Amino acid sequence: MTVVDPTLARVKPSRGRAARERAAWAFVAPAMIAIGLFFALPVIAALLLSLTDFDIYALANLDNLRFVGLQNYERLMTNPLFWGAMKNTLTFAVLGVPLSIAASLAAAVILNARVVKWRPIWRVMFFAPYVTTLVATAVVWRYLLHTRYGVINWGLESIGLPAVDWLGDPSTSIPAILMFVVWKIFGYNMLIFLAVLQTVPDDLYEAARIDGAGPWKQFRHVTLPAIAPTMLLVSIISVASFFQLFAEPYVMTQGGPAQSTVTVLYFMYEEGFKWWNLGSASAVAFVLFLCILAITLVQLAVAKRVGAYQ
Amino acid sequence: MKIRAILLNLAVALIALVVLFPLVWMVSVSFMATGEAAVFPPPLLPSHWTLEHYRDLFLNQGMGRYLWNSFALATLATILALSFTVPAGYAFAKLKFAGRERLFQFLVAALVVPAQIGTLPLFLMLKGMGLVNTYAGALVPWLASIFGLFLVRQYALSIPDEMLEAARIDGASEGQIFRRIVLPTLQPIIVTLGLFVFLGSWNDFLWPLIILTDQSNYTLPVALAALSREHVQDIELMMAGAVVTVAPVLILFLALQRYYIRGMLAGSVKG
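Residue numbers (the numbering used here), protein chains in the order written: chain S, 1 to 310; chain W, 311 to 581.
It is worth saying that the hints were derived from the structure and are not from the lab. Here the structure is a predicted model, which is why all the values come from computation and not from measurement. Just so it is clear, CB atoms sit at the ideal spot from N, CA and C, and this is done for glycine as well. Warning: the hint list may mix true and false statements.
[Said to hold, decoys possible] Simulated coverage check for chain S against chain W, where a stretch passes if three residues somewhere in it have a Cβ under 8 Å from a Cβ of chain W: (1) 24 to 38; (2) 115 to 121; (3) 133 to 144; (4) 284 to 292.
[Said to hold, decoys possible] Far from chain S, some chain W residues (derived; all Cβ distances over 10 Å): (5) Phe341; (6) Leu386; (7) Lys406; (8) Gln525.
Let the hints inform the model, and build the full structure from the sequences given.
Given below as structure tokens:
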């Protein structure tokens with residue numbers, strides 16, 4: 001009676017395992033096929049495409065397609081418009097990352113104070129611009145930044161400062177767009193900082209206060225060490241997102257004035273879908289990718305050194 | 311202590327003003343008569359409220375059509391993305407299958423690659439398939455959401471194995487287990503992911519701009535961008551268009567903000 005049929009004992013779990021394996025594949029396959037077909041394949045194809053002279057003639061007839069090696073890349077390296085786009089994108093990132101993080105951190109530190117009333121409401125409200133439609137709020141900001149009727153210039157003039165031709169002057173067009181971008185995205189990193197700040201025990205602040213530390217010293221010696229790893233990662237992730245600015249200049253300035261807001265992605269869009277130089281545009285996409293990859297590798301190296309990410 | 315409290319509350323009020331002003335101003339100007347906002351100093355409230363721009367948008371500018379396109383595409387994208395990523399995310403978390411680790415490593419590596427890289431070949435591919443300027447073409451990128459898969463997997467890891475094992479011993483098939491046990495357990499993350507996809511699709515610009523070539527297929531952001539180039543001077547009309555575009559997603563977010571914020575923090579703080 002206690003003897004179990006050995007064949008039954010062996011067969012049953014293995015049959016179950018086979019069924020489970022089949023089920024697992026059925027669950028995974030649709031997503032994997034989609035990712036392979038619509039993500040991995042296009043990325044690989046982009047690399048190949050960047051080595052061809054795919055243009056409007058090839059679009060009409062594939063016989064016109066030729067393999068040109070690294071010619072697209074070579075041509076990009078000597079194209080002042082491309083370097084302009086690289087320079088603009090870098091300017092956006094170099095100014096925008098510290099600015100947006102400072103805004104996020106300031107808002108998070110303020111909202112983390114217990115004396116602030118209705119904190120949950122502010123939290124959601126400050127985050128709200130992040131979920132708004134970029135194109136729509138960019139249109140709104142184009143009018144807020146209007147030289148003659150804009151509210152921002154009205155504010156400047158009412159405190160005695162001269163009006164600024166925000167979007168019409170190549171020297172202010174990037175800062176103007178950045179004002180909008182910071183307004184739109186600061187809530188995202190603010191929530192991340194807030195989540196980390198809430199893990200800092202109150203005792204630490206209490207101890208610092210007993211030791212006679214003022215608000216600045218508390219921030220410097222308690223808050224900053226607690227959020228440093230997060231801040232480092234957030235800043236490096238932000239760089240990647242600033243490298244992919246497109247809709248903001250498309251809507252607010254159309255790349256102008258004097259090409260001052262043409263970003264790399266904007267350049268790729270125009271090269272590919274305005275002039276139909278798809279080979280050359282793919283090369284732009286890959287240069288962009290390499291830039292982001294380099295940043296991500298730095299991110300991983302830094303994260304490993306800091307050891308904050310599990 | 312009292313002064314500190316006042317200063318902090320004042321700072322919050324100031325931030326709130328900066329955050330809210332553009333949105334409130336947008337709504338206010340959308341109700342102004344034509345040309346009323348184009349004066350200095352800029353008026354903050356309409357002298358008399360009018361719906362003329364909303365009427366113009368829906369009667370003459372085809373806004374109803376764009377609203378429908380945006381709504382239909384976002385809804386379809388949500389349904390498709392969920393039905394592709396939820397089973398896969400669960401399988402990666404809880405079911406053992408040959409090649410799981412290797413596939414997972416491939417997906418982690420793929421996270422580094424920005425989707426824009428493949429934009430041009432994807433466009434050519436869909437052109438070859440005759441899907442340019444169709445809903446199907448606009449929906450394709452939402453099928454391949456690695457981020458969504460990770461989000462579901464992360465959450466599904468917390469399902470106790472004993473629960474699944476017990477159901478197996480009771481003779482439930484894998485499909486039944488997924489429907490009866492896994493789906494109800496995953497409900498919060500499904501709402502979160504659904505919300506992400508819906509808002510993401512609604513707000514998306516570059517891909518619909520490329521793939522939807524005919525005006526009758528435009529989504530709201532694409533239509534608004536085109537409209538704003540045509541009607542640069544019509545501040546009031548553009549603000550009405552912005553309100554129609556932003557209001558649905560803003561309301562949806564406010565209604566489900568708990569799900570959104572929880573999912574966002576799970577995805578970024580924990581990695």
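We went through each hint and held it up to the structure:
1. Judged by the Cβ-Cβ criterion of 8 Å, the stretch 24 to 38 of chain S is covered by chain W as claimed, because 12 of its residues qualify and three suffice.
2. With a cut-off of 8 Å between beta carbons, the stretch 115 to 121 of chain S has 3 residues touching chain W; three or more are needed, and the interface restraint holds.
3. Chain W is given as covering the stretch 133 to 144 of chain S, and this holds because 11 residues of the stretch bring a CB closer than 8 Å to a CB of that chain, at least three being needed.
4. Counting residues of the stretch 284 to 292 of chain S whose CB lies closer than 8 Å to any CB of chain W gives 5, so the stated coverage by that chain holds, three being the minimum.
5. Against chain S, the non-interface label of phenylalanine 341 of chain W holds: every CB pair exceeds 10 Å, the least being about 14 Å.
6. With a least beta-carbon separation of about 14 Å from chain S, leucine 386 of chain W lies farther than 10 Å from that chain, consistent with its non-interface assignment.
7. Distance check for lysine 406 of chain W against chain S: the nearest CB is about 7 Å away, which does not clear 10 Å, and the non-interface claim fails.
8. The beta carbon of glutamine 525 of chain W is kept farther than 10 Å from every beta carbon of chain S, the shortest such distance being approximately 16 Å.
In the structure shown, a violation is registered for the earlier hint numbered 7 alone.
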